[in-house]
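Each of the two chains sits in its own frame; use the hints to bring them together as a complex.
Protein chains in written order, with our numbering: chain H, 56 to 501; chain D, 6 to 170.
The hints are simulated quantities; they were obtained by calculation from the structure and are not laboratory data.
Remember, predicted model here, so these are calculated numbers, not experimental data.
Ideal placement from N, C-alpha and C gives every residue a C-beta, glycine not left out.
Misleading hints may appear alongside valid ones.
[As the list claims (entries may be wrong)] Quick list of the computed label-pair ranges, beta carbon to beta carbon:
{"hint": "1", "chain 1": "D", "residue 1": "THR70", "chain 2": "H", "residue 2": "GLY362", "range": "30 to 38 Å"}
{"hint": "2", "chain 1": "H", "residue 1": "THR458", "chain 2": "D", "residue 2": "GLY51", "range": "21 to 29 Å"}
{"hint": "3", "chain 1": "H", "residue 1": "GLN240", "chain 2": "D", "residue 2": "PRO155", "range": "21 to 29 Å"}
{"hint": "4", "chain 1": "H", "residue 1": "ASN348", "chain 2": "D", "residue 2": "TYR131", "range": "24 to 32 Å"}
{"hint": "5", "chain 1": "D", "residue 1": "GLY51", "chain 2": "H", "residue 2": "GLN240", "range": "17 to 25 Å"}
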Amino acid sequence: MKNFLISLIIVLIPTKTLSLIEVDITRGNLDPLPIAVSSLSIDEESRKNFQNILKKKNIGSEISIIVENNLRTSGLFNPLNKDAFLQAPDIANLKPRFEDWNLIKAQALITGKVSYVEEKLRVEFRLWDVLAGKEMMALAFTTVPNNWRRVGHIITDKVYERLTGEQGYFDTRIIYVAEEGPKTQRVKKLAIMDQDGANNKFLTLGNELVLTPRFNPTSQMVTYLSYFRNLPRVYLLDIETGTQEVVGDFPGMTFAPRFSPNGKKIIMSFAKDGNSEIYTMDLENRIVEKITNHPSIDTSPSYSPDGKLISFNSDRSGYQQIYVMKSDGSNVKRISFGKGIYGTPVWSPRGDLIAFTKLHKGKFYIGVMRTDGSGERLLTENFYQEAPSWSPNGRVLIFYRETKTDSKGKGFSAKLWSIDLTGYNERLVPTPTDGSDPSWSSLLSN
Amino acid sequence: MSEGAIMKFNKILKNTFLVLVACFALSACATQKVSTGQMQGDVYTGTDTVEYLASGVPDRVFFATNESVLTTASRETLRKQAAWLRKNSNITIVLEGHADERGTREYNLALGERRANAAKDYLMTYGISSDRISVLSYGKERPVDSGSNPLAWSKNRRSVSVKAN
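The following block holds chain D by itself, in its conformation from the complex (with noise of 0.2 Å):
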């Protein structure tokens, strides 16, 4: 082997070391995330706090901060709610809307209204009458986690849909 040549490959062979470390990093992080984990971004993912309305039906969906979108989840979450409404066309509810702790009282009573506000007009467009849904903030007066940690804060920042009757 030439010089250039045992030089190339030293270099390669540094090179790759790099990328394991890399990797073995990155890894960490990663195996880290999954282990506390729960979330993807700052939106709760876990089951935790989670009740049902009825079998496989679940009552809360989760919010990133300061946000009121609602995720891709949620979204399913809230089209089991409105196909289970539908079949028991009886049954009202109220959706209580929180924040977590991290924001200034009165903001977080109209961002709970908001993120409430998000779930009703979703199962309005699944065909749920507004009058069989009523939206309550609670703004972050009434955590379900007492944690002050980012994982706490996601179980708080929710929309749950409690039967009224």
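The following block holds chain H by itself, in its conformation from the complex (with noise of 0.2 Å):
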């Protein structure tokens, strides 16, 4: 975990471009950009060195391998095969030759350099326009061996919001619940992992039941659900320390938690009597502030990113619906009119959209709003899903589907899954053991 913190050195080489290619990522991409993602391109004693570290044959290849593997799953992309190269990615580095990447259909290419230096990994790449034969962008930088996957991350990043104009995600983990076990007595666990499936950590034993986790969007922290001693309350997690603690002294059941935008308060349901109400507590001060009073369930809420409304979850009209309200609990408004009942508002970093899950004759669909209730867009049904998280550029959703189990009560699976909001690209997110409940976190380098 000492190594998360190490800073990465960003050194931008000046390249002049004007607009050249661009990748629109706001309708469903059916045609993705052909890229070339060449090896990047190691000296024989850096390979050696980073061989004898990192216990990787060719650093460079692997962190290659890891832009390829997240251009294509953003689904904007077609990073194509490396068989059919035919420059070499020293050369390609200087100068790639682009009548060459232009013959197998190429119209963006990635190269680039890794080395050892001071005991560290530096490396350089570029971002080539094949078409037009010019260089879009090209960066450098500095860190300890061991991020050599947050090197890939950040490079798809910057090629990202290069190509498209918006701020990438790849450079970022979620945390979720990871299940195990019989559906009647599932063990549950929190558990980090990098976006792309690597690097997965069980951050409790399964002692008792946890739910619910949601990241800091400032910070390495995290608020959950645990059921420690019986006792299901809200908690702080530092995922950096490890230490935790409970929020708040509530006589009762405290849940649905998230932070505030700013990462200073958590907000919460508190239950009591028969009765939900949301809550928030600033974290610095510890003042508890009571925010909805009505003899419903108030649960779920989530702010807007400028902190100034809270969206949450209802059923005062006799099911469950979205409403919004001013962040101090006036000026409360159902925005969902739609057929069937809904819950789960989240809020998009954005601003502009709420996603919801939706529950309408028997199945369950995940889909977003605006935050006034209009535009409401299905993105996609099952027969179980709910709880979408956000990616942090509010272009990806991630969230948890549970399988219909057999006469015999068996085949029950929970797994992550992730869409475009555009309703495109639907893609398992793969996980050691099941999961749900997934958070996704800011980006790391921001």
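Pasting the structure below:
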């Protein structure tokens, strides 16, 4: 975990370009951009050093594979098969022969170089527009060798940003609940992994039930629900140090926690005498405020990114619906009016949309609507799925899906899935065990 | 018989036949309902999963989808529990509230709490002190039946009274 905080010193090598290739991410991309990701070249001495340290035969090629996988899973790019590449990595990085890359139909090309400099990993890479025959971007940075996977993610973020004009989401992590065992006695542990499923670690042992972990958008803190000593309470966990504490001193169940956008407050539900209300607690001065006041169930609160509004789930109309109110609890307005019942509203980090879970005629949907409830769009339908969490750039949603069991109760599974806001590019997110309740971190390198 | 009368008779026959068909269809439905059964509306009325706190004192009550209203049968069960608790005044209980898998996790945690409290309130009206009853919601986390069908879900929508000491 210590390595995590090593700062990446990014040196910008200025390149002069007009707008060259652009990738439109606002619609379903059925025609992903063909891109060639050349292996990062490496000199023999550096290669041997990294082989000793990282037990990887060729770290340059390993990093380029991470970039390729990231680009492919984004659905916006089609990384070409390396067997077809004509130019060697070291020469391509100096000056690509654009005719060669054009021949294999690459429209963009990534080249680069890794070297071992004073016990650190130095990487430089370039993005080329093959058709225009021009360099679009060149960057270099240095980090500890153990961060080599993150190097691949940062390169992908920079390429994605340059080609789409939007922030990337690859140098990020997912916290989720790892699940095992029979459905009637599930063992659940907190787990964390890189966005691509690598570096999976379990953070709790499974002795007590844990649910709904959520990242602080500004730090490596997590809030979640634990049944420690059979008292369901909201906890705060520092994933760097492993220290944790109960949030507030409530005489009953606290649940459904989330951070405020500045990371300084936790908003959650507190259930007492059959009534659940929404509360906030300021993490600095510990002041607790009651936000809702209604005899119905009020839960699943989520702040707008400017912190001025809160969306939440309430059954005050008789069934679960989505409401929006001011952050002081005033001005409550119902925004979901479609057929079916609605839950788990989550405000997009871009501010313009609310993602939700919907149940209608026995099917569960993940969808999005504008913050006034208009423009409802359902992205995916299934037997059971819920709990969407946004990628930090607001372009992808991760959620979990459970399977229907057969007449004997067999065949249950819970898996993480992701889908683009466009409704395309639905993918299983690999986890070593079953998984649920995913939460996407902010960009680590910000 | 006049022609009109014959036609009338035929019509009666035809209607009778229709009524017979309808009866058959209804009875088929009714039979089916009883056999997969053990539900009234969508509230579980069977005894498969029920355990007993003492002889004749069932430990759990069941709820309709999304509801926390106690049925007549539930109230009867809770009155038996209250009588048993009055007789055994040293016993304290935890009411564990549960939901089925057809709802979002957070809402179900709140719903489980609401169901357990409905049972708690009823026990209190029959003279059981609130300091002998604690409430614990599991939401949909601890189903008793792992099936994905209406009967399994009905068994899982429950509040269970568990001896705490």
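Each hint, compared with the structure:
1. D:THR70 <-> H:GLY362: 30 to 38 Å: Once the Cβ atoms are compared, 36 Å apart, the range 30 to 38 Å for GLY362 of chain H and THR70 of chain D holds.
2. H:THR458 <-> D:GLY51: 21 to 29 Å: holds, 26 Å
3. H:GLN240 <-> D:PRO155: 21 to 29 Å: At roughly 23 Å between Cβ atoms, PRO155 of chain D and GLN240 of chain H fall inside 21 to 29 Å, so the hint holds.
4. H:ASN348 <-> D:TYR131: 24 to 32 Å: Between ASN348 of chain H and TYR131 of chain D, where Cβ atoms are some 30 Å apart, the hint holds.
5. D:GLY51 <-> H:GLN240: 17 to 25 Å: Distance hint for GLY51 of chain D, GLN240 of chain H holds at roughly 22 Å.
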